[in-house]
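Turn these sequences into a full structure, and let the hints guide you.
Number of protein chains: 2
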Amino acid sequence: MTIKQAAQADANAGVRVWKRLVQAGQQTMAAVEADLKAAGLPPLIWYDALWELEQAGEEGLRPFELERAMLLAQYNLSRLLDRLEAAGHVARCRCPGDGRGQMIRLTDAGRLLRQTMWPVYANAIHTHITVHLNQGEADQLADALALLVRPRP
Amino acid sequence: MTIKQAAQADANAGVRVWKRLVQAGQQTMAAVEADLKAAGLPPLIWYDALWELEQAGEEGLRPFELERAMLLAQYNLSRLLDRLEAAGHVARCRCPGDGRGQMIRLTDAGRLLRQTMWPVYANAIHTHITVHLNQGEADQLADALALLVRPRP
DNA sequence: GTTAGATTAATGCAATTGCATCTATCGGAG
DNA sequence: CTCCGATAGATGCAATTGCATTAATCTAAC
Numbered sequence: 001m002t003i004k005q006a007a008q009a010d011a012n013a014g015v016r017v018w019k020r021l022v023q024a025g026q027q028t029m030a031a032v033e034a035d036l037k038a039a040g041l042p043p044l045i046w047y048d049a050l051w052e053l054e055q056a057g058e059e060g061l062r063p064f065e066l067e068r069a070m071l072l073a074q075y076n077l078s079r080l081l082d083r084l085e086a087a088g089h090v091a092r093c094r095c096p097g098d099g100r101g102q103m104i105r106l107t108d109a110g111r112l113l114r115q116t117m118w119p120v121y122a123n124a125i126h127t128h129i130t131v132h133l134n135q136g137e138a139d140q141l142a143d144a145l146a147l148l149v150r151p152r153p
Numbered sequence: 001m002t003i004k005q006a007a008q009a010d011a012n013a014g015v016r017v018w019k020r021l022v023q024a025g026q027q028t029m030a031a032v033e034a035d036l037k038a039a040g041l042p043p044l045i046w047y048d049a050l051w052e053l054e055q056a057g058e059e060g061l062r063p064f065e066l067e068r069a070m071l072l073a074q075y076n077l078s079r080l081l082d083r084l085e086a087a088g089h090v091a092r093c094r095c096p097g098d099g100r101g102q103m104i105r106l107t108d109a110g111r112l113l114r115q116t117m118w119p120v121y122a123n124a125i126h127t128h129i130t131v132h133l134n135q136g137e138a139d140q141l142a143d144a145l146a147l148l149v150r151p152r153p
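These protein sequence lines are chains A and B, in that order. For the first sequence, this note's numbering gives the first residue as 1, with consecutive numbering after it. For the second sequence, this note's numbering gives the first residue as 1, with consecutive numbering after it.
Simulated from the structure, these hints should not be mistaken for laboratory data. Don't take each hint at face value.
Because identical chains cannot be distinguished in the list, a pair is counted as satisfied if it fits within a single copy or across any two copies.
[What the hints assert, rightly or not] Quick list of in silico lysine to aspartate or glutamate cross-link-like pairs, EDC-like style, CA-CA up to 20 Å:
hint, residue 1, residue 2
1, Lys-19, Asp-143
2, Lys-37, Asp-48
3, Lys-19, Asp-48
4, Lys-19, Glu-52
5, Lys-19, Glu-67
Keep in mind that this is a model prediction, so the values were computed, not measured.
Encoded structure:
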């Protein structure tokens with residue numbers, strides 16, 4: 001095999017990974033979202049935000065921290081917080097020590113919502129992911145995917 | 001290890017796969033889209049449509065065929081075709097034998113656009129996928145992802 | 001202390017997506 | 001032939017996302 005052929009084979013392998021990554025990502029994401037919706041629950045992105053806030057503990061998080069944790073554009077996060085706040089799941093609090101900023105805190109309703117969503121979410125992951133893999137395959141896939149995830153700056 | 005513990009480990013593995021799948025999918029997708037945009041080119045979904053139509057050959061495709069090939073909701077496809085048609089990349093033609101339907105055909109401009117996009121797209125896949133994997137890892141990852149892709153109905 | 005530049009967050013407006021519904025045609029049952 | 005349910009595709013309207021810009025505050029240099 002020439003060097004050129006090897007590079008070609010490599011490129012093809014990359015394209016195959018890309019196609020399947022996109023397809024698997026879209027399909028499973030759509031399936032999980034659909035399960036949440038079918039249960040009358042809000043979308044995944046709400047769960048992510050609530051989860052990050054719950055992890056952060058009592059004092060909450062600055063929006064820009066949440067933004068980085070969720071890989072979300074600034075304006076998208078701002079509006080997600082609008083919705084979460086309107087629904088009573090988070091509170092925007094004054095930020096001691098930085099007049100520009102805020103602390104976002106989970107409310108009791110927010111904590112409850114996250115707890116309500118989790119069983120449905122977990123079950124969806126089970127249905128659309130876990131079931132299709134044995135232990136070895138799952139470990140291997142998780143490791144391989146980790147190679148693609150860009151380390152956080 | 002008890003049966004319960006095994007089930008737990010399995011669930012955890014599934015959740016790990018899920019998280020990384022979502023993250024890798026989002027990150028690489030965003031990076032590839034950004035590369036296209038930086039080159040002044042339209043989004044990936046345009047490429048996909050043009051590619052499917054080019055594969056389909058001279059007579060084109062029915063919208064519902066394209067819809068299935070692209071895993072796109074009917075109204076989303078309808079509007080994507082509006083945009084592609086407005087930009088002169090596809091033509092909606094009368095469908096012989098089915099008065100409800102149409103044949104979507106690639107125009108010369110559409111063919112040219114796809115050809116223009118491909119080098120940028122290929123390079124993006126290389127940068128964001130191929131580079132991070134050796135041949136074995138790529139093959140293994142592609143195989144593992146295939147386990148998650150739901151076979152087309 | 002003033003000021004220039006950076007950082008934090010919000011917002012007006014356009015593009016896209018999602019949902020529900022609508023029109024037109026098809027195809028088979030009677 | 002006529003009617004009815006099913007299929008193909010479009011569209012009005014609401015929600016979300018993306019883009020560009022804005023307002024307020026902070027930080028550091030002078």
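Structure-based check of all given hints:
In this assembly of identical chains, Lys-19 and Asp-143 lie within 20 Å of each other by CA distance both inside one copy and across copies; the values are 19 Å within and 12 Å between. With identical chains, the CA atoms of Lys-37 and Asp-48 are at most 20 Å apart within one copy only, with a shortest distance of 15 Å there and 28 Å across copies. In the homo-oligomer, the alpha carbons of Lys-19 and Asp-48 lie at most 20 Å apart only across protomers (11 Å), although the nearest pairing inside one protomer, at 26 Å, exceeds that limit. In this assembly of identical chains, the alpha carbons of Lys-19 and Glu-52 lie at most 20 Å apart only when taken from different copies (14 Å versus 30 Å within one copy).
Proximity of Lys-19 to Glu-67 under the C-alpha cut-off of 20 Å is restricted to the inter-copy arrangement: shortest distance 17 Å between copies versus 28 Å within a copy.
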